[in-house]
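Enquirer: Protein sequences, first through last, are from chains A, B and C.
Position one of the first sequence corresponds to residue 1 (the working numbering), numbered consecutively onward.
Position one of the second sequence corresponds to residue 1 (the working numbering), numbered consecutively onward.
Position one of the third sequence corresponds to residue 1 (the working numbering), numbered consecutively onward.
Because the hints were derived from the structure by calculation, they are not lab data.
If you're wondering where the values come from, they're calculated on a predicted model, not measured in any experiment.
Certain hints may be false.
Which stretches of chain B does chain A cover? Using the computed rule of at least three CB atoms under 8 Å from a CB of chain A, they are [claimed, not checked]:
no.	segment
1	75–85
2	236–244
No farther apart than 25 Å at their CA atoms in a straight line, the calculated lysine to any residue pairs in the SDA-like style are these [as the list claims (entries may be wrong)]:
no.	chain 1	residue 1	chain 2	residue 2
3	A	173	A	244
4	A	126	C	69
5	B	234	B	249
6	C	69	B	36
Idealized CB from N, CA, C, for every residue including glycine.
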Amino acid sequence: MNSHENLMSPEYKEAIKDLLLQLADDDFMYSYRGSEWLGLAPHIEADIASSSISQDSMGHAAMYYKLLEDLGVGEANELAHCRVANERKNSILTERVNGEGYYMDTPQYDWAYAVVRSYFYTQAKKIKIDSLCESSYRPVAEAAVKVRMELYYHRLHWETWFKQLMNSTEVAKKKMNDAITLVMDDFGDVFSYGNQKQAIETNRLIGTEEELKENWKESITPVFLALQMTVPFIPEKPIKNGRNGEHTKDLDEALITLSEVYNLDPVAVW
Amino acid sequence: MTSLLITAEEQEEQLAHFMQRIEAEDKIEADDWMPEEYRQTLIKLISMHGMSEIMGALPEKEWVPKAPTLNRKLGIMAKVQDEMGHGQLLLRVTEDLLLPYGKNRGDLMQDLFNGDLKFHNVFHMETKTWADAGVIGWLVDGAAIITQTNMLKASYGPYARALQRICAEEVFHAQHGESIIMALAEGTNEQRAMVQESLNRWWEPLLMFFGPASKETTGSSKQDLTIKYKIRTKTNEEFRQLFFDKYIPRILSLGLTIPDPTLNYDAESNLWSYKQPDWNEFKKIIKNQGPRSQERLNLRRHSYEYNSWVREALSATVR
Amino acid sequence: MAEENFYQEFEIFSKRTPSSTFQYQFSLLAPNEDMAFVLAQENFMRREPVADIWIVNRKNIRKMSSEEKMSLGRLENKDYRTTKGYGYLKKKWRKYEQELLDEKEILSWGGERK
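Please take these sequences and the hints and turn them into a complete structure.
Expert: Take a look at the structure:
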């Protein structure tokens with residue numbers, strides 16, 4: 001038990017645990033979807049660069065799982081591989097498949113969806129990380145300072161792709177706009193804290209949902225203005241709220257794959 | 001490029017000068033004059049090497065989402081990324097050699113899809129278990145290290161420099177593979193059985209990897225030309241023997257069995273004798289008739305074409 | 001082919017630390033400078049520290065032909081340009097009980113006064 005834990009009320013501990021699971025599961029699933037793209041991007045050089053972002057994101061997830069481990073919630077690998085879907089707190093956006101088809105067959109992964117999801121997600125992550133740097137929970141604030149360092153590149157990378165494709169052919173614009181619709185349909189729980197909203201916000205673990213949504217809109221407005229587009233609307237009520245363990249079948253399928261080897265023998269050393 | 005108006009005598013002089021540079025271990029650069037045979041040998045060798053990296057990413061990639069721990073997921077992502085990176089370096093070297101023919105990356109991809117450009121036999125094989133991810137890293141990369149380090153001093157400068165970068169990363173790959181294998185070999189009975197089963201399947205493809213000992217075996221071999229032009233110094237069989245030297249003791253030390261009861265080391269000749277792999281099978285595999293050849297080519301072709309709009313879109317913005 | 005222009009050749013240079021010089025890394029294909037820029041670091045400097053990156057479209061590099069490379073040769077009779085041509089001074093100074101101010105000594109003057 002460290003000093004933090006001694007001073008924590010059960011309510012505070014519950015709130016920090018929930019928030020950390022949201023952060024960890026988001027980056028874990030985002031990275032997982034990115035890792036399915038490996039070898040299949042439309043350009044070799046782009047394949048290599050985007051893989052670094054998936055790796056960084058998995059690294060961030062590992063940091064959050066470690067913080068949960070320190071809180072006695074469970075071992076990091078177990079948290080990542082063993083929890084069933086309704087215990088997962090990631091947003092719906094991060095669990096969505098990259099396109100039709102299983103990665104082991106011949107999937108139809110859509111680069112427009114990859115760019116839009118990644119750009120909007122990274123921008124949202126940046127807003128959260130900036131706020132987390134001021135968190136009342138010191139360990140997460142310290143982790144956020146580290147994560148922030150790598151987000152500069154992630155944003156630059158995806159923003160470049162976003163702007164360039166939006167500024168190119170009609171075909172590309174159509175695909176990008178379709179992707180924006182898909183991504184925004186799933187954006188309702190990205191800034192949600194689910195049932196723990198009140199505890200997370202009043203304990204100042206991170207800024208309020210409303211505040212962060214506003215910051216996100218503000219941060220992407222210049223890019224959208226330059227492209228002569230209207231800033232997309234974040235749905236008020238998500239159809240499913242991943243923060244409360246509500247998920248799609250995409251997550252069920254992903255969990256079977258990502259834990260396939262681990263589950264052969266969860267107590268073995270791999 | 002050289003002028004077309006050149007006498008036979010001048011041509012001979014050019015060639016003699018070129019061979020002098022090769023003999024003197026000078027480095028040939030992309031823009032230098034080179035005989036057609038040299039250029040063609042390099043293109044064939046390096047494009048195949050490059051595409052093998054690009055195709056080689058696919059079997060390992062199958063285990064990226066399934067890797068059993070956070071650290072393994074990270075390690076194998078970085079490893080497959082490096083394979084794509086090696087492909088990038090080698091394709092760039094090839095593309096510069098192709099400039100006189102007006103061919104580019106897109107043409108190389110088409111050559112791969114048409115079956116004109118081959119890739120290494122090992123990457124046509126199926127993967128079945130997590131142990132395969134370990135065996136590929138440990139032994140397939142080990143085999144690749146043996147051939148690649150032999151070409152670090154290749155007469156063609158751009159290839160030698162690409163190999164410098166590649167070999168530096170291969171050290172990480174080998175250890176990444178060793179680490180997976182070590183955990184399994186020291187693990188449960190099921191885990192140990194998993195490595196042994198994987199080794200049994202990969203042993204023959206590993207022997208094939210170095211190519212036939214002479215062209216009599218399969219009807220063609222480019223080893224003579226690559227030696228003539230000082231691109232490499234060792235023969236296919238010398239590579240295979242070196243592989244045995246380095247890896248057989250390590251495999252045995254982990255308590256694994258090599259699936260060849262005839263395998264024997266003769267101290268006098270300093271040679272390993274072994275059961276020849278099925279070279280007819282090898283010929284079939286490299287003609288894209290291996291167990292997973294068509295599926296992997298199809299995946300590569302489909303992903304390349306399905307998102308071709310991206311390249312078209314950004315191509316259109318170039319002024 | 002409609003993709004033809006996508007494959008522009010860019011040469012990538014980078015600095016390891018703020019105080020080091022730029023070094024050539026490798027070349028990559030990209031449709032434009034900005035894209036080349038976001039691809040450069042992760043393609044060639046995934047493991048080493050990077051302090052700065054330069055990107056040049058190969059079109060803008062003036063290269064030497066093999067004939068022009070002939071102009072790089074020179075005789076090795078230029079000791080007068082280097083300290084080698086003044087090696088005898090060491091002995092001379094000894095006569096005056098002084099040490100020769102060699103490269104090591106002179107370059108050390110940038111530090112603290114001893």
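Enquirer: Each hint should be assessed against the structure and marked as holding or not.
Expert: Structure-based check of all given hints:
1. 75–85: As far as the segment 75–85 of chain B goes, the hint holds, because 6 residues have Cβ atoms under 8 Å from chain A.
2. 236–244: violated (count 0)
3. 173/A to 244/A: Since the Cα atoms of residue 173/A and residue 244/A sit roughly 35 Å apart, the hinted pair is violated (cutoff 25 Å).
4. 126/A to 69/C: 52 Å, violated
5. 234/B to 249/B: 22 Å, holds
6. 69/C to 36/B: Given pair residue 69/C, residue 36/B holds - Cα atoms ~22 Å apart, limit 25 Å.
Checked against the numbered hints above, the structure violates hints 2, 3 and 4; every other hint is satisfied.
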